[in-house]
Amino acid sequence: MSGPADAIGGDGHGVSLGIGEDDPHGDVIVDRLTLEDEIVRRGGDASDDVAEYALWLGDDALVLAHQLGWWISRAPELEEDIALGNIALDLLGHARSLLSYAGSASGRTEDDLAYWRGEREFRSSQLAEQPNGDYAHTIVRQLAAAVYMFDLYVRLQGSADETLSAVAAKAVKEVDYHRDHTVEWFRRLALGTDESRRRLEVALEHVWPYVGDLFRDEPLLDRLEGVAVRPSSLRPSFDAVIDALAAETGIAFPDADTAMGGGRRGQHSENLSLLLAEMQVLAREHPGASW
Amino acid sequence: MSAVLTDRQKVWDLAATVVDPEIPVLTIEDLGILRDVDVTETGVTVTITPTYSGCPAMDAIRDDLLAVLRPVGLGDVEVRMVLSPAWTTDWMSEDGKRKLNEYGIAPPSGRSHVPQGPIRLTLATRCPRCGSADTVEVSRFGSTSCKALYECRSCLEPFDYFKVI
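Chains A and B, in that order, are what the protein sequence lines are.
Numbering follows numbering that gives the first Met the number 0, in which position 181 of the first sequence is assigned residue number 180; successive positions increment by one, without gaps.
Numbering follows numbering that gives the first Met the number 0, in which position 92 of the second sequence is assigned residue number 91; successive positions increment by one, without gaps.
One chain only, chain A, in its complex shape (with noise of 0.2 Å):
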């Protein structure tokens, strides 16, 4: 488009802020506006393996961020709703970086990874995908998802791969307060009520087999070094969080692991197909549309 551009040219100094008259938005076509631009991948195009490993953070982030917003109107309170909405913005910012990252290995965009995958090309773990449950499973889900994430933040910034760096620098400021809030309100639901008690430690129950899971090193680290944080390297600065918060609590985390496991090579529980379903269902139905 020449015409808005040669008739506000002016004269230099009485410059038009040039927005349309009648279109607010002037000549610019949002429709072509991708995050693929808005991100400068300073080191290039991640290679297929690093690929892999930005999959399985970005997926984590991705399905916790649509689990975490179910509950906006229904929390508890609403500076709840208010609190996880937040949360859920930030690790959808997350995902938004690192699956624009994972696609520009295989010419594909963040849409395409998110819209277009089945439940066995997600290489989220098993945690992220356990049901919301009652607002104790959700934030014992939160809880260890928060705690793991900021230690893995923490030293990826120290990453070999630039945009992995820089997507860690910025998540881990984050993911600080996430962190912090799942803290206090485990500490209100252990030490309220006898009913807040007994529903934490149901929580505990059904969702602490999984947090395994996330700690889980797989064959592709081996081929990361200095670029990936190794998962079970993790483990002891999580188990030292946790073991601080049993003691302060009286609250017996516990020490099961689940039989099956294996998010990040694609095996996954019913709950991620049921999640996909209603997060991918209106991209599917209207391919290509905007809004």
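Keep in mind the hints are simulated off the structure, nothing from the lab.
Don't be surprised by glycine CBs; every beta carbon is placed ideally from N, CA and C.
One thing to keep in mind: the hints can contain errors.
Covered by chain A, according to a simulated footprint, are these stretches of chain B (three or more residues, beta-carbon under 8 Å) [stated by the list, open to error]:
(1) 51 to 62
(2) 84 to 94
Covered stretches of chain A, as calculated for chain B (at least 3 residues, CB under 8 Å) [unchecked claim]:
(3) 92 to 104
(4) 164 to 170
(5) 197 to 204
Knowing the structure of chain A, use the given hints to seat chain B on it.
Below, chain B alone, put in the same frame as chain A:
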């Protein structure tokens, strides 16, 4: 193409007229998210950075930048978003903090810390209405990603606090 504005400072000043759509008293320069302006033979590139990873205001800010810069004949206008170095509230100008306070949002108090250990240092947050330091945090998450919800115990008014990251 007619290069009406070739001077980098002039382009910067024009880009700096764009305000945050959520906090219209702050320009993107006040916020410290306007990172760079690069003027070349064929056009300009403006670089911005998000305050929060998922901040939806970035799309509006980018559109506003294009709407401001495209009509003045600078050639190709590109808006790039970078994540590194990560934005912190330390990038906000003193003038921006003053305007924020006058607008009724308490500005970030204290400097950004490096997230490492379990200790978070919390400085007193002053009520933007009455100036009292006797305030209490109601929720660490507020109306937008960057704000927390506070209440003043002196004048009893609730207020937003632009939290430190």
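So which hints don't hold here, by number, going up? Violated: hint 5 alone.
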